[in-house]
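Residue numbers (this note's numbering), protein chains in the order written: chain A, 64 to 176; chain B, -15 to 98.
Derived by calculation from the structure, the hints in this document are not laboratory data.
Here the structure is a predicted model, which means the values were calculated and not measured.
Heads up, some of the hints might be wrong.
As the list claims (entries may be wrong) - For lysine to any residue, the following SDA-like pairs were computed, each having C-alpha atoms within a straight-line distance of at most 25 Å:
id: 1; chain 1: A; residue 1: K112; chain 2: A; residue 2: N124
id: 2; chain 1: B; residue 1: K41; chain 2: A; residue 2: Q108
id: 3; chain 1: B; residue 1: K(-7); chain 2: A; residue 2: Q101
Claimed, not checked - Which bits of chain B does chain A cover? Going by a derived footprint, with three or more residues having C-beta under 8 Å, they are:
id: 4; segment: 23 to 34
id: 5; segment: 89 to 96
Claimed, not checked - Simulated restraints on C-beta separations:
id: 6; chain 1: B; residue 1: N12; chain 2: A; residue 2: H145; range: 33 to 41 Å
id: 7; chain 1: A; residue 1: T135; chain 2: B; residue 2: P23; range: 21 to 29 Å
id: 8; chain 1: B; residue 1: M25; chain 2: A; residue 2: S147; range: 24 to 32 Å
id: 9; chain 1: A; residue 1: A117; chain 2: B; residue 2: S2; range: 27 to 35 Å
Using N, Cα and C, we set each Cβ at its ideal position, and we do this for glycine too.
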Amino acid sequence: AQSVTQLGSHVSVSEGALVLLRCNYSSSVPPYLFWYVQYPNQGLQLLLKYTTGATLVKGINGFEAEFKKSETSFHLTKPSAHMSDAAEYFCAVKGTNAGKSTFGDGTTLTVKP
Amino acid sequence: NAGVTQTPKFRVLKTGQSMTLLCAQDMNHEYMYWYRQDPGMGLRLIHYSVGEGTTAKGEVPDGYNVSRLKKQNFLLGLESAAPSQTSVYFCASSYSQTNHNEQYFGPGTRLTVT
């Protein structure tokens, strides 16, 4: 079985501040991990993914995430928030059940001017 | 490439009516999925398909049927709509069963059942 927990359904930061969105996963096999972003009234699009190899993964728009096996975590960070980062962010895991992802409940990021 | 497209974008149904949502992808992907998105509940998998002519149940399949007669199309049907099916529906596709392949999402269909 596989599952994802996103800590904090809403996160608010000031423009220029650090963004940290938390994701913990459970998987009975080595996982593949993804972060997706959803802008208002749009579908989800891939931010970044971890498959194998380097545990620090860089994605689009300055985001990055670090796979920590010992902590079963895959937190998403960005050093300096921009107003355009306001969106909903989803963490997803693929482990068992080839082809099917399990998504977290999502975290809504608000960026204050 | 258009990617993943969904029709219609919006629909209002009365309880008991039926409808079909169409998803099309032009990326030659094997896998296709239907999700529903409700506030605070993330994305829940309704049905999915691992190839032309195949379908399988996901997490919340009751009240929905699907068909994959052509590789590029995945249809989601509601035979008798209920207010509990008011939601935003997303279609997605991915290249293969390899776990590192991400999903590509359509823009969504917002369905209201009154």
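Which hint numbers doesn't this structure obey?
9
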